[in-house]
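The hints should help you fit chain F onto chain E, whose structure is shown.
The residues making up each chain are set out below.
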Amino acid sequence: MLSQQILNGLVSGSVYALFSLGFTLIFGVQKLLNFAHGATFMAGAFIAYYCTISGLPFLLAIGFSMLATGLIAILIDLIAFRTLRNRGNAEFPALVSSIGVDLILVSIAQQVSKTQVLNFPFGTFPIKFYDLFGLRISLLQIVILAVVAVLVAALIFYLRKTTFGRQVRAVATNERAAALLGVNAQSVYLQTFFIAGALAGLAGVLIGLLFNSIQFLMGEPYMLRAFVVVVIGGLGSVQGAIVASLLLGVTQSLAVAYLPSGLTDAIIFGLLFLVLLVRPNGLFGDINAVAGGTRQ
Amino acid sequence: MKFKTLMLSATSAAAVTLAGVAAHAEDYKVVILQSLTGGAAFIGKNVADGAVLAAEELNEQGFFGEGNQMVFSVEDDATDRTQTLSLITRLAADEDVLMVMGPTSGSVAMAGANVANEREFPVMTTTNSMEVVENGPWSFIMTQPASITMPFIADYTAETLGLERCAIIGVKDNEAYVALQRMYESLITEAGVEIVSQDGVALADSDFSALATKIATSDQDCVFIGTPAAQGANIILQLKQAGLDPSTPILGHNAFASPTFIEKGGAAVEDVYLIGAWVPGGDDDFSSAFAESFEAKMGFPADEWNAMGYSGMQVVAHAVRDAAEAGNLTRDGVRQALGEQKDIPVVVGTHTYSYDEERVPYFGMKVLQVKDGAFTVAPE
Numbered sequence: 001m002l003s004q005q006i007l008n009g010l011v012s013g014s015v016y017a018l019f020s021l022g023f024t025l026i027f028g029v030q031k032l033l034n035f036a037h038g039a040t041f042m043a044g045a046f047i048a049y050y051c052t053i054s055g056l057p058f059l060l061a062i063g064f065s066m067l068a069t070g071l072i073a074i075l076i077d078l079i080a081f082r083t084l085r086n087r088g089n090a091e092f093p094a095l096v097s098s099i100g101v102d103l104i105l106v107s108i109a110q111q112v113s114k115t116q117v118l119n120f121p122f123g124t125f126p127i128k129f130y131d132l133f134g135l136r137i138s139l140l141q142i143v144i145l146a147v148v149a150v151l152v153a154a155l156i157f158y159l160r161k162t163t164f165g166r167q168v169r170a171v172a173t174n175e176r177a178a179a180l181l182g183v184n185a186q187s188v189y190l191q192t193f194f195i196a197g198a199l200a201g202l203a204g205v206l207i208g209l210l211f212n213s214i215q216f217l218m219g220e221p222y223m224l225r226a227f228v229v230v231v232i233g234g235l236g237s238v239q240g241a242i243v244a245s246l247l248l249g250v251t252q253s254l255a256v257a258y259l260p261s262g263l264t265d266a267i268i269f270g271l272l273f274l275v276l277l278v279r280p281n282g283l284f285g286d287i288n289a290v291a292g293g294t295r296q
Numbered sequence: 001m002k003f004k005t006l007m008l009s010a011t012s013a014a015a016v017t018l019a020g021v022a023a024h025a026e027d028y029k030v031v032i033l034q035s036l037t038g039g040a041a042f043i044g045k046n047v048a049d050g051a052v053l054a055a056e057e058l059n060e061q062g063f064f065g066e067g068n069q070m071v072f073s074v075e076d077d078a079t080d081r082t083q084t085l086s087l088i089t090r091l092a093a094d095e096d097v098l099m100v101m102g103p104t105s106g107s108v109a110m111a112g113a114n115v116a117n118e119r120e121f122p123v124m125t126t127t128n129s130m131e132v133v134e135n136g137p138w139s140f141i142m143t144q145p146a147s148i149t150m151p152f153i154a155d156y157t158a159e160t161l162g163l164e165r166c167a168i169i170g171v172k173d174n175e176a177y178v179a180l181q182r183m184y185e186s187l188i189t190e191a192g193v194e195i196v197s198q199d200g201v202a203l204a205d206s207d208f209s210a211l212a213t214k215i216a217t218s219d220q221d222c223v224f225i226g227t228p229a230a231q232g233a234n235i236i237l238q239l240k241q242a243g244l245d246p247s248t249p250i251l252g253h254n255a256f257a258s259p260t261f262i263e264k265g266g267a268a269v270e271d272v273y274l275i276g277a278w279v280p281g282g283d284d285d286f287s288s289a290f291a292e293s294f295e296a297k298m299g300f301p302a303d304e305w306n307a308m309g310y311s312g313m314q315v316v317a318h319a320v321r322d323a324a325e326a327g328n329l330t331r332d333g334v335r336q337a338l339g340e341q342k343d344i345p346v347v348v349g350t351h352t353y354s355y356d357e358e359r360v361p362y363f364g365m366k367v368l369q370v371k372d373g374a375f376t377v378a379p380e
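Going down the list, the sequences are from chains E and F. Numbering follows this note's numbering, in which position 221 of the first sequence is assigned residue number 221; successive positions increment by one, without gaps. Numbering follows this note's numbering, in which position 265 of the second sequence is assigned residue number 265; successive positions increment by one, without gaps.
There's no promise every hint is true.
To be verified - Derived coverage of chain E by chain F (criterion: at least 3 residues anywhere in the stretch with Cβ under 8 Å from a Cβ of chain F; other residues may be distant): (1) 8–16; (2) 71–80; (3) 113–127; (4) 201–214.
I should point out that these hints are in silico values taken from the structure, not numbers from a laboratory. All C-beta atoms in this analysis are idealised placements derived from N, C-alpha and C, irrespective of residue type, glycine included.
Same shape as in the complex, but just chain F:
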């Protein structure tokens, strides 16, 4: 009888303890909404892969405190405004969802920002468009606007390399890429560099033979290419095959900072200059560990967008945890905490991520050059 009483007491005590733990354990629901399909899938899918890895690791590390975890799901905006509007409206109606990491870019991100601000629902879009920030206090951008990134490569073009006449090749059907190109053009023009030609390609294009012949037979002392990595490598290959003077410097922006660029371009992309927030393989302990774990999980090396997704999720996680610790685990609490994030360790740029008073992100850039089939920091 005594034994039975003892067992009952022990069982009751254990139940009370477990109930106590359960009562304190919290799930922080965040949705990763990216372009997994459609035209921006080359960005969105990669961002989502990086973000998922980060969320998994943070949960494993007990980042949110014992028993707490981030519950995340991945949704597809399909690079489609209608689908984005529908998804964000649905997610905003789910009171358990604290915020959305996404949508990805262009008009899709703007559409998402509109709904988010109407519904007072925090979203961190992947785009670098300041229009998203200006849309209202509930919409954030994850990547640095062109006004921060492009001076690195524009200064390098005009001052370090002393170039004078540039041909420009950009993407015509993606707002983020267009913004980067326009900023570069504006900066180098101010620095006295003449733009001899401007051409736009579509993200799905692969036939650049006419464009390559045009540039190879024109008179310029540099070529700037603002496209995704694989497409940029392909354009450079076709430029070289069309007979472009091998000594003509070729420059690009941070989209080139991907192993894909070297893999697809081979010897043709040797000596190309670029800016990178991500140094493939990593350049400190945190980023090297990310590179290793990403490749182990996915079977291919991480690129700039994977690293951005991973970094963005670190910032989201810090914001959620800060809001929880402040006892304000609401959408408004998360929104406020997100805008106040400073010096969060990330795997991109100068390895810390901060939002300024205007909610503009900063994490720095490096000018890189392809040397012997690898990215190296470009000579000053």
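If we strip away everything but chain E, and leave its shape as in the complex, we get:
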């Protein structure tokens, strides 16, 4: 059972990674906590669900959902963050503003779904199981692991090896200096939000598919997990978010499997405190953060 639980944890952790990457990316660039990220994740699942039941092929539904949640995230930036950011000292007002956007999106989803739990129709994705080295793994789990690995690699490449990535790091470190060097900070923010939203949307679709459940509150537990991930991984660190997500997924699986019920959250937050005691900036907080240090 141990290896099976580790596999379960890695699959859950890989989706946490997809979710947390966007969250940590926005924090890394803007030093703002986007509480509406969970609602964006939920919106991704809802949009793909309604596209699928409307007859759109599932792959197109996923693509449309990612595009839509990317645009939703841009809208969130324009409505909830941009004005506050321009005024300076935006951390707390932006926090409240993003909570407001979250509540609005959740309320809309509740009205649309009539408070019902939705699920993708049976057969949306082939249900196939394989026995590999004593492990029971589904085709969907394999696809999720592969998709997340590819996307994470692409994101890291994009951030480290492209002009956009350099602009992101420049704005994250010092927006004014970046602007003097000709970097359009507003464009960087919009692109960052789009990427974060699209990744959250995809995570929502994958979770909805993997666990057969789409509902208006589905973002809340993932937001809580995302906080743990970004703190353990190091605020703003992409690599840290990935490692922490996988660590969190596996820890959660093993806690459910081997410890008394109800202790899972205590274990997860205990792990958080432990990491903070040993590494106050998180596992990768001071060496790989997107921001690369304190923002000026």
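Only chain F this time, still in chain E's reference frame:
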């Protein structure tokens, strides 16, 4: 001149008659206060939908007598104690409001009960917690406590099916569900069934892969799941996908008695045992008519909570009418009438609803089984 005089007389007579009718017509103001948002919305919203339908139908049928009607409004406790306290305090200050149907469950219902008893304001909470009843004479519960419902499925587990080792999966963040689970555990333990594992999930959880693997690789001869219908169906799907022996009986309580359970679970929930106060689609003329009218109005079939809301409103309406007929249309009159309700026709359980001397509701249960994608009465 004669014509004018005649017209004036006729007009005056008509005005006097209308005034007379108006003087006798009464509005009975009741507020449906449920969790329309927040964690208990899956219960509260459904209860409210059923209650609203019942109130509309009763008004249309002239249940309260010619010209009289129930004036109802729907408020949201948001599954939040502070909001509940604020709303009930405000409603209690409105002398026109006779009673509140709600709040929904857990600590929210207890908070509501506290204020209701302080302000001498009748509330019928959706919860099945006896603590609400014990809080004072002004707070009632609408659903049967676990001590009434759970023996049906516990007896079926231990005696009818003769099972010996059960794994339990419950909800950890909702008091009503926890109470049901605890009662089931206590009853089957007394009957000699061993509990091999106990696990709790949160209402918003959907990732049960680790839990499913744990149970699928453990040694038990039954699994009891005490969660809402959609979540329960999802857990069963993940249990089956994790390789749970298909012959292992799976049991649940009345929350599973919802079309959602079969719709979400598909073939995976075939053969699952449950108890139900509500047989989806109805099982007599009254309940079948409710099922039909609810689906026509809402566009989806009624579930256990919709049926409970509809039934609860029937009881409230009878209490209000009885108080009016007794010439005691006050909050105290409604409270007394509510506690004295016996054999009120409802769409759940054995189709009649009564409060006993301790204000504990009873309307019965059935053990059901999913067969060929439908709920059927389980074999004895």
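Check your understanding: Counting residues of the region 71–80 of chain E that have a beta-carbon nearer than 8 Å to any beta-carbon of chain F, does the count reach 3?
Key -> violated (count 0)
Review point. Quick check: the region 8–16 of chain E, covered by chain F? Criterion 3+ residues, Cβ under 8 Å.
Key: holds (count 4)
Point to revise | Given coverage of the region 113–127 of chain E by chain F, checked by CB-CB distance under 8 Å (3 or more) | key: holds (count 7)
Practice item. Go check the region 201–214 of chain E versus chain F for me, would you? Three or more residues, Cβ under 8 Å, otherwise it fails. Key: Contact hint for the region 201–214 of chain E vs chain F: holds, 5 residues under 8 Å.
Consistency note: the structure conflicts with earlier hint 2 alone.
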